[in-house]
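Chemist: Listed below, chain by chain, are the residues.
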Amino acid sequence: MAVTGRLGLLAALGAVAPLVWPSWWTLGALWGLLALGVLADLALAGSVRDLVLHRSGDASVRLGETATVSLVVENAGRRRVRARLRDVWPPSAASSPRVTEIDVPPGERRRVETRLTPTRRGDRAAVTVTIRSRGPLGLAARQLNRPAPWTVRVLPSFPSRRHLPGKLAKLRTLTGQHVALIRGQGTEFDSLREYVDGDDVRSIDWRASARRSDVVVRTWRPERDRRIYLVLDTGRTSAGRVGDIPRLDCSMDAALLLGALASRAGDRVDLLAYDRRVRARVEGASRSDLLPAMVQAMAPLEPELIESDAAGMVSTIMSRVRQRCLVVLLTELNPAAMEEGLLPLLPQLTARHLVMVAAVADPRVGEMARARGDLAAVYDAAAAERARADRRRLTAELRRHGVEVVDAPPEELAPALADAYLALKAAGRL
Amino acid sequence: MTAALSGAAPAVPGPRQTAARRWRSARGVVVVLLALVALAVAIALLESAPEPQYLDPESPSRGGTRALAQILARRGVPVRTVRDAEDAAKAARRPGAVLVIVRSERLTPEELRLLADTPGDVLLVEPTRPALQALAPGVHRATTDFEDVAEPGCGLDAAVRAGRVHFGTSEVYQSPPDGIGCYVSGELPRLVRVRVGGRTVTVLGSGAPLTNGLLDQEGNAALAMNLAGAGDSVVWLIPDLPEPGGGSGARSWQDLVPHGVRLFLVELGAALLLAALWRMRRMGPVVAEPLPVVVRSAETVEGRSRLYRAHRARDRAADALRSGARERLVPLLGLPRGAAQDPAMAQEIVSAVARRTGWDEQAVGSALYGPPPADDAGLVALTDVLDDLERQVRRP
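Going down the list, the protein sequences come from chains U and E. Quick note: the first sequence uses our numbering, first residue 18, plus one each step. Quick note: the second sequence uses our numbering, first residue 21, plus one each step.
Please note that the accuracy of each hint is not assured.
Unchecked claim - If you anchor each label on the Cβ, the simulated ranges turn out as follows: (1) VAL33/U / ARG184/E: 39 to 45 Å; (2) ALA46/E / ARG72/U: 32 to 38 Å; (3) PRO391/E / ASP326/U: 41 to 47 Å; (4) GLU207/E / TRP42/U: 41 to 47 Å; (5) LEU322/U / ALA401/E: 54 to 60 Å.
Unchecked claim - Take a look, some chain U residues computed to stay more than 12 Å from chain E by CB distance: (6) SER40; (7) LEU53; (8) PRO107; (9) LEU181; (10) ALA256; (11) GLY260; (12) MET335; (13) ARG389.
In case anyone wonders, no lab produced these hints; they're calculated from the structure. Quick caveat, the model's predicted, so the values are computed rather than measured. A virtual CB, placed ideally from N, CA and C, is assigned to each residue, including glycine.
All chains should be built: construct the whole structure from the sequences, respecting the hints.
Modeler: Here it is as structure tokens:
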């Protein structure tokens, strides 16, 4: 049960009575009256237990956008229910409005809409629905929590999807759908067709032309149906925030852009999230549902505060993919973690696959390196130079193993990774 | 600059604006408080408390009554000054003694009761309401009169013989039908004599006629001697201030609060409790949620910087800064990539930089490969030299 402000107000107004009739009996009568009112309200308030709750609405929303979840309140009881209703969600779901007034006559139903603008990725589950049903006098209310389960999955925001059209245009240049195709590396024979003005004379197939008594050219297309294996490192290094965004989220963004691009280019894309065990996996998704599958798999991922197990990761990759593929490792160029973890195992991986490492560079380090002025700033600059030198050394070491390294600040990582992929494709190294 | 400042002003209010806003919101309260203080001061000034020696027969000040006491003593009526009600009650039992009670605001209810039981005549000077009630039932204080001088206008012998009397500000009373009222101001007398239980009680609305300062005015002395010197001795009770908190009769403030007001407060408390209950009940549970860790990625770099500073690691810092500068210079000079960290290439880099910038080779060498700086100023200077060098190589 709950009392209302009106009860307190009445009690306060009733304080005048003993000034007029100064006796304990006055107070007794006053309290008796109020108690009666409260009892009557409790007895006559619509039953919360008889309400039936139905949920519907959005089940997923992109981070930064607003989802609407509706709750239908059906009154199966005999009395009208006038109540305040709160749909309780976790704070990071940022639900609004907090409290709504409902008035449901018996046998009828009312819809209550809650808008969620989540502030973090992951699954947000409705906690409960609290209903406070007032009596006719408005002095007291019955309050109860009723379960109404619903989960909204908050998907990664994928801000770099604005780069997708540009990268696709680049890809089309590569596949020759727009520009007359020139035979080059990384292409395979596609078909023969008649010569038209503007075709490169070097692509004329003389043998075929002799047979057909017509000039025939060969057309080429880039390799297709290569495998791309995206690996997200969800270990401790992925928790570090660049600006206000965890490294993991930047990596996801880059992985999504690369996945979208590669699937349009006709390649097969798989995803693995790993720290000490497999956190998420997308394998064998078809072209059309790759992106939704990836986004769904990524949504609940959180950085784990443990050291990644590089050996486990490598053996998982080796066991999952037999044929040669491009392994894109989205991790951090942390010298300590890399030197002890991945570097010794790289030869195993590079022997069979092409490996690319993508890492988010922190612009703050660059800022610190440019700091000048007082002693503190100079020491900052020295420390930043030292960090950059370590990173350069690590990058050089990785390149020596034949690994492609993409190291870019957060907003440039996704396009840079896509460009690196396109460059590999153009060079036919996949 | 000013434009930028004025543009930023509405977003973040300055301390002056904040102070002005607080003043605007609080000035009503402040004005009311000041008005209350002014009112309290004014009331205190108007109702000035009497000086401590007022009507004290041992005091020679203007407000004292030593002159009267001495005159009475010379006339054969000894004046005994008593400062305690019990002693006064004892002394007043002697037949023929007149009990003069002044400053009755210092008497407790018990003491008043004790005094009411004494047999002799009583002269009450400027009595309080409880004193009037106890000693002269039937006489009620009416109001205050500000007319200085008054005529007797009654049949009381003492008054008629004294004639005009200078009272100054005086209380006036409602006299019971059987009492005699003199020095009337608009029906209300300044002096009332009643008989209570076989003794005469005289109530005088002003102590002024008895004081040293005004004894020589009009018929003041005559009236004073007629009233006080009516018997063969005078017991002059001027009570000491009761001890604070002491005395069984001291009523606490709670006893003074009317019953209705007490119930009103109880009810207000109950209302407050109900309001607390109303606010206390939450709409639904508190939801706990695991929060993500917040680790800034650059934290390790910043930590390393602080470590350098704490240990004054100028050598390491200079080393890092120099190798960073070399790393940036080498590609600009067209030298192989690994040259920056290769000691064997040092001479080549130095001479290339010197050629490009026109600096002395030795200066370039000490900037890029020199010994660690001797002090902090040297380290700061080194960064400036390296920056200069880099700028010149970029833009020869």
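Chemist: Each hint needs a verdict: does it hold in this structure or not?
Modeler: Hint check results:
Distance hint check: the CB atoms of VAL33/U and ARG184/E are about 54 Å apart, inconsistent with the given range 39 to 45 Å. The hint said 32 to 38 Å for the Cβ distance between ALA46/E and ARG72/U, and at roughly 50 Å that hint is violated. For PRO391/E and ASP326/U, the Cβ-Cβ distance of about 45 Å falls inside the hinted range of 41 to 47 Å, so the restraint holds. Distance hint check: the CB atoms of GLU207/E and TRP42/U are about 44 Å apart, consistent with the given range 41 to 47 Å.
Between LEU322/U and ALA401/E the CB atoms are about 42 Å apart, so this pair departs from the stated range of 54 to 60 Å. The Cβ of SER40/U does not lie farther than 12 Å from every Cβ of chain E; its closest approach is about 7 Å, which violates its non-interface assignment. Once the 12 Å rule is applied to beta carbons, LEU53/U is consistent with being away from chain E; the minimum gap is 15 Å. With a minimum CB-CB distance of about 4 Å to chain E, PRO107/U fails to clear the 12 Å threshold, and the non-interface call is violated.
With a minimum CB-CB distance of about 27 Å to chain E, LEU181/U clears the 12 Å threshold, and the non-interface call stands. Here ALA256/U does not stay apart from chain E, with its beta-carbon only about 5 Å from theirs, under the 12 Å limit. Once the 12 Å rule is applied to beta carbons, GLY260/U is inconsistent with being away from chain E; the minimum gap is 9 Å. Listed as a non-interface residue, MET335/U keeps its Cβ farther than 12 Å from every Cβ of chain E; the least gap is roughly 30 Å.
The Cβ of ARG389/U does not lie farther than 12 Å from every Cβ of chain E; its closest approach is about 6 Å, which violates its non-interface assignment.
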